[in-house]
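Protein sequence lines, in the order shown, are assigned to chains A and B. At position 8 of the first sequence the residue is numbered 8 (the working numbering), and the sequence of numbers has no breaks. If you want the working numbering, it's the 1-based position in the second sequence plus 321.
It is worth saying that the hints were derived from the structure and are not from the lab. Where a beta carbon is used, it is the ideal one built from N, C-alpha and C, also for glycine. Please note that a few of the clues may not be correct.
Simulated restraints, written as ranges between beta carbons of each label pair [to be verified]:
#1 A/K31 with B/T608: 51 to 59 Å
#2 B/R323 with A/A155: 31 to 39 Å
#3 B/K613 with A/E199: 52 to 60 Å
#4 B/A405 with A/K292: 20 to 28 Å
The list that follows gives simulated cross-link-like pairs (lysine-lysine, DSS-like), each with its CA atoms no further than 25 Å apart [unchecked claim]:
#5 A/K48 with A/K31
#6 A/K48 with A/K15
#7 B/K613 with A/K152
#8 A/K152 with B/K473
#9 A/K62 with A/K31
#10 A/K320 with A/K152
#11 A/K31 with A/K320
#12 B/K473 with A/K292
#13 B/K336 with B/K352
Chain by chain, the residues:
There are 2 protein chains.
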Amino acid sequence: MRTYCFLGIDVGNTKLAFGLVEGDARAFHEKRVIATEPHLGAEQALEKIIVQTCNMLEMAPKPVAGIGIAFGGFVDVTRTVGLASPNFPGLENVPMVEMIRELAPGVPVSMDNDANVAGVGEAMYGKARGHREAVYLTISTGIGGAVLFDGKPLAGSQGLAAEFGHMIVQPNGRQCTCGSRGCLEAIASGTSIARMARERVRGRDSLINNLAGTPDDITAGTVCKAAQAGDELAKAIVQEVAFYLGIGLANIISGLDPDIVVLGGGVMNSADILLPPAIQLVERHLTVRGAKVPPIEASDIHDDVALWGAMALARAAAGKR
Amino acid sequence: MRTYCFLGIDVGNTKLAFGLVEGDARAFHEKRVIATEPHLGAEQALEKIIVQTCNMLEMAPKPVAGIGIAFGGFVDVTRTVGLASPNFPGLENVPMVEMIRELAPGVPVSMDNDANVAGVGEAMYGKARGHREAVYLTISTGIGGAVLFDGKPLAGSQGLAAEFGHMIVQPNGRQCTCGSRGCLEAIASGTSIARMARERVRGRDSLINNLAGTPDDITAGTVCKAAQAGDELAKAIVQEVAFYLGIGLANIISGLDPDIVVLGGGVMNSADILLPPAIQLVERHLTVRGAKVPPIEASDIHDDVALWGAMALARAAAGKR
């Protein structure tokens, strides 16, 4: 089976990641991560992508049968052009697939939005693997997700299924960046957790301030670390976030009754403190009516989930699912 | 195609309904509805079912190729025995399929819970027909639903998918009969609307009192009628119910992005007043982020949806989907 390799490329706003796997292996033969440095401009970033892709192609121990690209921004309908990346001004209308294809003539190349492929990566390489029906929820800057049936994502009529970040969990609640109110994302995303902390620590004595230095440096990670160290204000924020995350999870499970729910994204680096109280709420809500609670687990590949998603794309491009 | 007939039987707690259709027709050749009268006991009700089934079999203009039964209660795993009907004490452990099979030797008979088949009935005979992905929400005594892919319901890992009635729409909200709080069912089911009205009209001057006679006679229909006539208290209840129904619909659509949402159940007899404000909320919530709102429509077969579901079962039993 391992007579060929696959190359995955994750074009993110913070990092560019490149991975090589042999055949159906579930570990990298080679993985490289470099900073994107968007402030240096799109040309610089594209140059890095080209150089690293060439390096990886050279390092492949077997012929590369497919290349997949997870693009951290909007992708055109033909899935060949990166239209724009909201957090990387200047990276617009890049014929990404064409660019990579020129480096590896004859090798099929496939691209999709990183959020879209993350669920497939989880389903093919992570804890959702082998489950008939899985839900993947990613909690980072925003909140996205995927509903996977036998590893294939539910698209929905407009390609907008699994927008769990915009589930209303707090009627008339906090303002969301989408323009509506009370969305799960407006409370439980990394950005929202940090914003909530920033609003509340001002002029207060909290470990959050000490850990962060300036208010601008506060992240969801800071808040969770402070809560773990016993800071009351941080604990209150974590409790609130976990409460609404629990409602979101309870509603997802009531609606879909999946075999497993896997959570990824940067905020899940703090799964230890955020997830148990959320799961408790789900258990209370479901067990009263006799429903079983499926496993709700933090991803063990979430740092690389988009890269694994790119790998899944590469396999699909090669016709080797 | 119309060389045979199908017989559908809906065993409900209030009514027993029987329908005959020819082949793939979408209208009844013959339909009969009689009162169940559970207070007269299970034997009486079963006698009525037998007599009417025989009548219908005799009236069939073509050979009956399949019989489907929608049972208003729990059904055993073999789908042949009606285990119990919560609102019909005494109707327990009835070998319903066997009983009907004896009346029509050689004809395949199939049974399922009425809530389970309602969605399939809607998908085969109602507005969800022909849609790739449809959501059916039934609002009556309780709130249930179905997610239909190409007419087939999503089961979930425990057969508990589409339990939209237990979506939390009001955190720490109203007590639900399931034992949890803030469920959609605790606010927007027929029972809950009536209960809300009963709690609020006591000692107040409201048209609800005049329409209902005694507080015990208040139904969701009374409340909606009073609201339509301009009663302030009733209007406030309708507004509240529609608000949470809107949240429920917005969340279903954000999660599943279906082609259509069809609402059935007795409460949808008041769709005129309940649905428009709920849809408005959905539109506000979805359009801010550029998502389109799918059609959200009241079923046009909802009085007979379980009977049509039984018909779908009959067709499946005959191997003629």
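Practice task
Would you check the hint for B/K336 and B/K352, treating anything up to 25 Å between C-alpha atoms as holding?
Solution key: It holds: about 13 Å lies between the C-alpha atoms, which stays within 25 Å.
Exercise for the section: Could you grab the alpha-carbon distance between B/K473 and A/K292 and see if it respects the 25 Å cut-off? Expected result: Roughly 23 Å between the alpha carbons, so the hint for B/K473 and A/K292 holds.
Practice task
Assess, step by step, whether the Cα of B/K613 is no farther than 25 Å from the Cα of A/K152, and give holds or violated.
Solution key: Satisfied, since the Cα-Cα distance of roughly 23 Å is no more than 25 Å.
Exercise for the section: Given the hint that A/K31 pairs with A/K320, test it: the Cα-Cα distance must not exceed 25 Å. Expected result: Since the Cα atoms of A/K31 and A/K320 sit roughly 21 Å apart, the hinted pair holds (cutoff 25 Å).
Practice task
Could you check the hint for me, namely that B/R323 and A/A155 are 31 to 39 Å apart, CB to CB?
Solution key: 37 Å, holds
Problem - 25 Å Cα cutoff - pair A/K48, A/K15 - result: Holds. A/K48 to A/K15 sits at ~11 Å (cutoff 25 Å).
Exercise for the section: Determine whether the Cβ-Cβ distance between A/K31 and B/T608 falls within the hinted range of 51 to 59 Å. Expected result: 41 Å Cβ-Cβ, so the 51 to 59 Å window is violated.
Practice task
Could you grab the alpha-carbon distance between A/K62 and A/K31 and see if it respects the 25 Å cut-off?
Solution key: 16 Å, holds
Handout entry: Straight-line alpha-carbon gap A/K48 to A/K31, limit 25 Å
Key = Holds - the C-alpha atoms of A/K31 and A/K48 are around 15 Å apart, at most 25 Å.
Handout entry: Distance restraint between A/K152 and B/K473, which requires alpha-carbon spacing of 25 Å or less
Key = It holds: about 17 Å lies between the C-alpha atoms, which stays within 25 Å.
Exercise for the section: Starting from the range 52 to 60 Å, see whether the pair B/K613 and A/E199 falls in it by beta-carbon distance. Expected result: 34 Å, violated
Handout entry: Distance restraint between A/K320 and A/K152, which requires alpha-carbon spacing of 25 Å or less
Key = Since the Cα atoms of A/K320 and A/K152 sit roughly 14 Å apart, the hinted pair holds (cutoff 25 Å).
Comparing the model with each numbered hint stated earlier shows that hints 1, 3 do not hold.
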